[in-house]
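Trainee: Listed below are the residues making up each chain.
Protein chains: 2
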Amino acid sequence: MEISIAHLGPAGTYAESAALAYAKWLQTATGQISTLYPYASIAQAIRATADGKAQIAVVPVENSIEGSVTVTLDTLWQLDHLHIQQALTLPIAHALLSMATAIDAIEVVYSHPQALAQCQMWLERFLPSVSLVPTNSTTEALQYLRDNPQAGAISSQRAAQLYDLPILAYPINDHPDNCTRFWVLSLKPPENGSQTSLAFSLPANTPGALVKPLQIFAERQINMSRIESRPTKRSLGDYLFFVDLETDLQSAKAQSALAELRTCTETIKILGSYDVLPIGEALPTSSSRPEG
Amino acid sequence: MEISIAHLGPAGTYAESAALAYAKWLQTATGQISTLYPYASIAQAIRATADGKAQIAVVPVENSIEGSVTVTLDTLWQLDHLHIQQALTLPIAHALLSMATAIDAIEVVYSHPQALAQCQMWLERFLPSVSLVPTNSTTEALQYLRDNPQAGAISSQRAAQLYDLPILAYPINDHPDNCTRFWVLSLKPPENGSQTSLAFSLPANTPGALVKPLQIFAERQINMSRIESRPTKRSLGDYLFFVDLETDLQSAKAQSALAELRTCTETIKILGSYDVLPIGEALPTSSSRPEG
Numbered sequence: 047m048e049i050s051i052a053h054l055g056p057a058g059t060y061a062e063s064a065a066l067a068y069a070k071w072l073q074t075a076t077g078q079i080s081t082l083y084p085y086a087s088i089a090q091a092i093r094a095t096a097d098g099k100a101q102i103a104v105v106p107v108e109n110s111i112e113g114s115v116t117v118t119l120d121t122l123w124q125l126d127h128l129h130i131q132q133a134l135t136l137p138i139a140h141a142l143l144s145m146a147t148a149i150d151a152i153e154v155v156y157s158h159p160q161a162l163a164q165c166q167m168w169l170e171r172f173l174p175s176v177s178l179v180p181t182n183s184t185t186e187a188l189q190y191l192r193d194n195p196q197a198g199a200i201s202s203q204r205a206a207q208l209y210d211l212p213i214l215a216y217p218i219n220d221h222p223d224n225c226t227r228f229w230v231l232s233l234k235p236p237e238n239g240s241q242t243s244l245a246f247s248l249p250a251n252t253p254g255a256l257v258k259p260l261q262i263f264a265e266r267q268i269n270m271s272r273i274e275s276r277p278t279k280r281s282l283g284d285y286l287f288f289v290d291l292e293t294d295l296q297s298a299k300a301q302s303a304l305a306e307l308r309t310c311t312e313t314i315k316i317l318g319s320y321d322v323l324p325i326g327e328a329l330p331t332s333s334s335r336p337e338g
Numbered sequence: 047m048e049i050s051i052a053h054l055g056p057a058g059t060y061a062e063s064a065a066l067a068y069a070k071w072l073q074t075a076t077g078q079i080s081t082l083y084p085y086a087s088i089a090q091a092i093r094a095t096a097d098g099k100a101q102i103a104v105v106p107v108e109n110s111i112e113g114s115v116t117v118t119l120d121t122l123w124q125l126d127h128l129h130i131q132q133a134l135t136l137p138i139a140h141a142l143l144s145m146a147t148a149i150d151a152i153e154v155v156y157s158h159p160q161a162l163a164q165c166q167m168w169l170e171r172f173l174p175s176v177s178l179v180p181t182n183s184t185t186e187a188l189q190y191l192r193d194n195p196q197a198g199a200i201s202s203q204r205a206a207q208l209y210d211l212p213i214l215a216y217p218i219n220d221h222p223d224n225c226t227r228f229w230v231l232s233l234k235p236p237e238n239g240s241q242t243s244l245a246f247s248l249p250a251n252t253p254g255a256l257v258k259p260l261q262i263f264a265e266r267q268i269n270m271s272r273i274e275s276r277p278t279k280r281s282l283g284d285y286l287f288f289v290d291l292e293t294d295l296q297s298a299k300a301q302s303a304l305a306e307l308r309t310c311t312e313t314i315k316i317l318g319s320y321d322v323l324p325i326g327e328a329l330p331t332s333s334s335r336p337e338g
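These protein sequence lines are chains P and S, in that order. Going by the numbering used here, the first residue of the first sequence is number 47, and it counts up by one from there. Going by the numbering used here, the first residue of the second sequence is number 47, and it counts up by one from there.
Keep in mind that a hint or two might mislead.
Copies of one chain are not kept apart here, so a pair can be met inside one copy or by any two copies together.
Straight-line C-alpha distance at most 27 Å; calculated DSS-like pairs for lysine-lysine [stated by the list, open to error]:
{"#": "1", "residue 1": "Lys70", "residue 2": "Lys299"}
{"#": "2", "residue 1": "Lys258", "residue 2": "Lys299"}
{"#": "3", "residue 1": "Lys70", "residue 2": "Lys234"}
{"#": "4", "residue 1": "Lys258", "residue 2": "Lys315"}
{"#": "5", "residue 1": "Lys70", "residue 2": "Lys258"}
Derived by calculation from the structure, the hints in this document are not laboratory data. Nothing here was measured: the structure is a model prediction, and the numbers come from that model.
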């Protein structure tokens with residue numbers, strides 16, 4: 047049976063690259079063939095999976111430069127049945143695409159705001175006077191190039207190949223270690239991997255309420271590799287916390303931590319217990335879309 | 047002497063409303079007259095103040111729905127001499143502006159991505175099939191309205207007045223309690239207010255390293271009203287932490303906490319010790335730009 051994978055589209059986005067890398071891993075590991083389904087937004091890709099329209103969503107959760115992808119965290123908190131099955135990390139290398147014959151001819155650069163931010167120093171150095179125009183995805187930026195040789199777009203090498211557009215500069219991201227972590231989501235209940243992710247809210251107006259959960263982990267030698275606060279959207283100053291723990295879910299220490307956590311949190315959700323896939327280093331830059 | 051205030055422009059942005067509210071407070075409290083200087087980005091407004099081109103920057107730091115304004119945190123971490131002098135909170139109420147005669151005629155809606163996100167449910171309900179196009183600010187979205195009666199823009203009531211554009215719907219934000227907290231920044235060293243904000247990085251690869259700083263606050267009954275993690279941009283999984291503490295800086299408990307913090311953090315910065323101004327409830331919606 048074919049596996050349907052939802053992701054932020056259209057073809058050529060980094061989210062598609064992550065979905066392709068996952069599909070390739072899935073085929074090698076299990077023999078299963080996947081079909082990719084691009085969605086107009088990350089929230090739509092996640093919701094399609096929650097509604098059973100796709101079996102899997104591959105969505106970005108964190109970039110090494112820009113930080114959390116907050117829409118992923120917020121959408122996952124709202125939905126009760128989706129869980130993280132795996133994680134993978136993809137290197138991000140941006141290219142400047144344009145029909146211009148030289149960089150100097152470019153007067154406007156289109157891209158997703160995160161990509162523009164990640165190339166800010168390069169742009170200030172080589173294109174100090176261009177206008178920067180945000181788009182909904184790195185791929186959407188490409189539509190402006192064909193009819194305007196003074197336009198540039200920041201996108202991936204793969205997008206340049208897919209849409210047959212020239213690359214004027216590569217890589218142009220300010221930090222060479224730019225990478226994005228993705229989560230693989232599905233309706234399957236949490237199993238037992240090397241990482242466990244939780245989200246919780248705390249009783250309102252309780253000074254120091256966050257110390258207790260962190261102590262629960264520390265006392266049990268559970269390392270917290272990440273903590274992210276998000277607004278509950280109830281009122282300013284009222285937060286949810288997303289934590290990644292370096293522990294499997296079924297261990298005695300994790301189970302005892304969870305039991306104690308339930309006594310000092312308002313709502314707690316187990317987002318998943320999963321392994322980090324050893325893929326993403328060798329990005330599929332050619333058009334390796336699964337045919338099945 | 048006139049005070050120069052840098053903010054994200056152009057006129058009509060919520061950042062300008064916050065700068066106006068601050069200027070009004072400043073005039074009432076100290077008799078000082080201010081002039082507002084709009085900048086194309088939040089980072090540019092902050093840098094202009096760090097470079098002495100403006101005396102004060104009024105910048106958003108956190109929205110009750112969308113969370114942290116990460117560019118403010120990241121830029122403040124990079125600069126050593128800017129400090130928070132005051133904080134103020136502004137209610138945010140979005141309006142749908144358009145030359146269309148009815149909502150049904152709208153085919154495309156322009157706005158800043160945060161404003162689009164904050165009106166997502168309203169848009170899905172009343173304009174389910176429109177295209178959503180991101181812009182650099184809520185005010186920038188207005189330029190598309192004059193020539194295109196099928197275009198709408200999400201902006202403030204004040205922007206509608208300033209640019210003489212019709213409001214078709216108001217308020218359209220999904221959460222009525224939508225508000226944004228702003229910081230007032232200048233080169234003045236930290237003084238002593240009721241709130242103290244710090245930022246710190248932790249020694250790399252130290253499991254549980256975050257527990258210690260939080261314990262330091264808890265042991266001294268210092269309430270941490272907010273914690274935000276940001277990537278150090280060195281590598282994925284390496285974070286800075288921004289904390290807001292409900293304590294003045296000069297108290298014995300704050301000084302003792304700081305001394306102990308220095309022993310368990312890598313770098314620590316005191317961002318400011320400041321009071322929260324009792325303004326922002328009555329937003330200046332008319333064109334009350336200070337003339338002086």
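Trainee: Now, for every hint given, state plainly whether the structure supports it.
Mentor: Hint by hint, here is what the structure shows:
| no. | hint | result |
| --- | --- | --- |
| 1 | Lys70 with Lys299 | neither (35 Å within a copy, 56 Å between copies) |
| 2 | Lys258 with Lys299 | both (16 Å within a copy, 20 Å between copies) |
| 3 | Lys70 with Lys234 | within (20 Å within a copy, 56 Å between copies) |
| 4 | Lys258 with Lys315 | both (17 Å within a copy, 25 Å between copies) |
| 5 | Lys70 with Lys258 | neither (42 Å within a copy, 42 Å between copies) |
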